[in-house]
Structure formats: C-alpha cells, structure tokens
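Fit chain B to the supplied structure of chain A, relying on the hints for placement.
Protein chains in written order, with the working numbering: chain A, 2 to 184; chain B, 77 to 288.
Incorrect hints may appear among the rest.
Pairs of lysine-lysine, BS3-like flavour, derived with a Cα cap of 27 Å [said to hold, decoys possible]:
(1) B:Lys-93 to A:Lys-174
(2) A:Lys-23 to B:Lys-84
(3) A:Lys-5 to A:Lys-174
(4) A:Lys-23 to B:Lys-93
Derived, one-sided and incomplete: chain A residues facing chain B with beta-carbon distance under 10 Å [what the hints assert, rightly or not]:
(5) Ile-44
(6) Val-45
(7) Ala-173
Hints were generated in silico from the structure; no laboratory data involved. Every residue, glycine too, gets a C-beta built ideally from N, C-alpha and C.
The lines below spell out each chain.
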Amino acid sequence: MSGKDEAELSRLLRAAIAGDEKAYADFLHRIAALVRGFVRRKIVQGGVDPEDVVQETLLAIHVKRHTWRQEAPVLPWVYAIARFKLIDAFRRRGRRIEIDVDDIAETFAEPETETVSERDINRALDGLPPAQRSVVSSVSVEGRSIGETAAKFGITETAVRVSLHRGLAAIAKRFSQGRFGRE
Amino acid sequence: MRTEDLIKALDADISSKAMPLRPAWWLAAGAAVIIAAAVFWMTIGPRTDFMVAAHTVRFLSKFVFTIVLAISAFALIRTLSTPGAATGRAMAWMAAAPLLVALAVVLELFMVPERLWGTRMVGSNMMICMGFIPLIGIGPLAVFLWMLRYGAPTRPVLAGTVAGLLAGGLAATFYAAHCFDDSPLFVATWYTIAIAVLALLGALGGRFFVRW
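Same shape as in the complex, but just chain A (with noise of 0.2 Å):
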C-alpha cells in the first residue's frame, strides 16, 4: 500500500467526518475494495464467506469512526478492525460447526449450495424493530435518499435519520454479540 492511498483515504475520511457524503461514499468503496482484497486471502477453506465479513467490517468502522485519531494512519486502523471481525467470523463459525456435527447424517449427502442472497446482514436486518427496518431498508435496499423516505413514510427527516442510525447500532451491535435473527 503506498504513502499516496494512505494519503488519499486519510483525507476522505476527515473529509467525511466532517460532514462530506460524496467523500464518505468514495472512503467507503476503496475501503471495501481494500478489505475485500484481504479478507479473501486470509479465508483459505470455506466456511466463512468473505463478503459478510467485509460488510460487517464497514458497519464497524462506521460505528467506531471517532476512534479514529486523525493526526494517524488510516489504513492500520481499517486493517485492525478488519483482522478483529474476521477473527470473530471463524471464532463464530466455529461455534456453529460444533452445533451442526450433532445431526450431519444427512446434510453431508447434499451438495452445498451456495445461497449468495442470505447474507448475515439480512438477518441481522430482519431482527430490527419493524419502523427502524423499513428506514434501513430503504435508504439501502431501496436506494431512496433521507428525504424521500421521510416522504414515503410520512415522518420528518430527523425522524428518519435517528431510525437510521439506531437500526445501523443495533445491527452492529448483533454482530458484535453474534445474533443475526430476531430474539
């Protein structure tokens, strides 16, 4: 990684945590490009699917954005966090192997299929409280922006923002503890 991206993403990110979208949105895809690249050369087997730990890596470092200290590099500080969540994928992972080996008599016979749409993410998703899933879901899924959601909705843009951004905590915080699905 040269001195220049350092550079570069350093920028973006103050940028963005100065109030810039456009930067953040930029920060946010090289990051994911970046982390995606490391992820898959670090997952050798399967097991753990590279794009859900890339995923719940950009929900971390946006969750944990002011432990960014600004004067310092950046990208040590995506890689640490990235290197943490992957961990965290196998540790989890583990634990659900152990749980599947009670009954494998027959799953070992059918051919694993890849089901590239069930992602953790969405079920993470789907355990959030019905008005903070339906705001995520459309400023994401739906692409909509914050002021045609407040409008589709019928609720002011604050109302959407903070739905937003307790849906967003809340689905960090279950990966964190490693729930995906409603309680």
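For chain B alone, coordinates are given in the frame of chain A:
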C-alpha cells in the same frame, strides 16, 4: 443486502456524531476520580495524622507507586482502545510501578531488622486494605469498561485487565491516604492482591462485556 446498498445506508448516516475517543477518555477519568473520591470520603476517609504522615518517606512512597501505576495504565488503555495504535511503549511503562515497588522492598529489607519483617508485612490493616481497594475501585472499573465498549479494543481481555489495573491504581491512591501501614513490605503484598482482584474482574468484564 449488497455491500453497495450497505454503503448507501452508512453514507446517509455520516452526520451522526460521537465524541472522539481521546476527550472521552479524559471525561471518563474525571468521572472515575470523582466516584472513587466520593466512596472514599463516605466510607473510610484519610487517616487522622495525615499531615504528620505526609512528612515521612514511606507514606509518600505509597502514592508514588499507585500514581505511577494509574498513569501508566491510563496511557496503555487509551492505545488499547484504538485499533491499530502502537502499544509497545505504553506496555513497557507498565513495568515502572512494579519495579519501583521491588526497589522499595529491597531498601526496606536492608533498613529494617529481620525480626520485624513479618510484622511490617502483615501490618494491622490487611483485611481493610483488601476490602476497600476493590470497593473504591469497582465504580471506576465500571466506567473504564464502559469506555472500552465505546472504543474498539481488538484485545478485549487484555484491555479489560488494564482497566482493572487502572481502577486499582486509582483506588489504591485514595486508600493509601487512609492506611497506617506504610511499609513497602505491606504495600507489595496486600495492595498487589487487592489490585489483582480488580484486574481479574476487569479481565472478566473484557471477556464478556466489551463486545463491539
């Protein structure tokens, strides 16, 4: 949800604000000191001959140990709560307080006749010491563990242990103003055990409470 979609949601949430970690740690430290001071004054308070004792080297040395421990633990816990931050130097400074205590113990063994070693070590206050250091430190420990959750420690158990040492250093600083046993032999034994209790609680807190 595709990663692309997630980025849209994160981007829309950029305006939400959170206090940067560094000022948050200083606020937490201030709150912890106030909590520890309140518990100290409401329970045991300083010893009656505090002003006289303040002229003796043994009494003052206790504060050197505990304050050095608290300062080095505070420096370390701040780096541990920041992903990717270098921790090596702060980790090395954690040796300072134990080394000072060890040095004081050696000096004490030279200065005090051998028949008094046992008396000095056992002292008169050990149960109070082992009770009140954890009692004064438990509130600060809760504050520090909460701060670790607010931060992002990639080694939660280690960070929790350091939170316990920090709470222990702080609590022991207050407790030292109450305790009549000033010998390094007493401090090295009973303060260490009391602080270790908090460190153990901190490690458990790090394991089970500090998730992010």
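Okay, the hints, checked on the actual structure:
no.	hint	in the structure
1	B:Lys-93 to A:Lys-174	holds (18 Å)
2	A:Lys-23 to B:Lys-84	holds (11 Å)
3	A:Lys-5 to A:Lys-174	violated (34 Å)
4	A:Lys-23 to B:Lys-93	holds (17 Å)
5	Ile-44	violated (16 Å)
6	Val-45	violated (21 Å)
7	Ala-173	holds (8 Å)
When held up to the earlier numbered hints, the structure conflicts with 3, 5 and 6 and fits the remainder.
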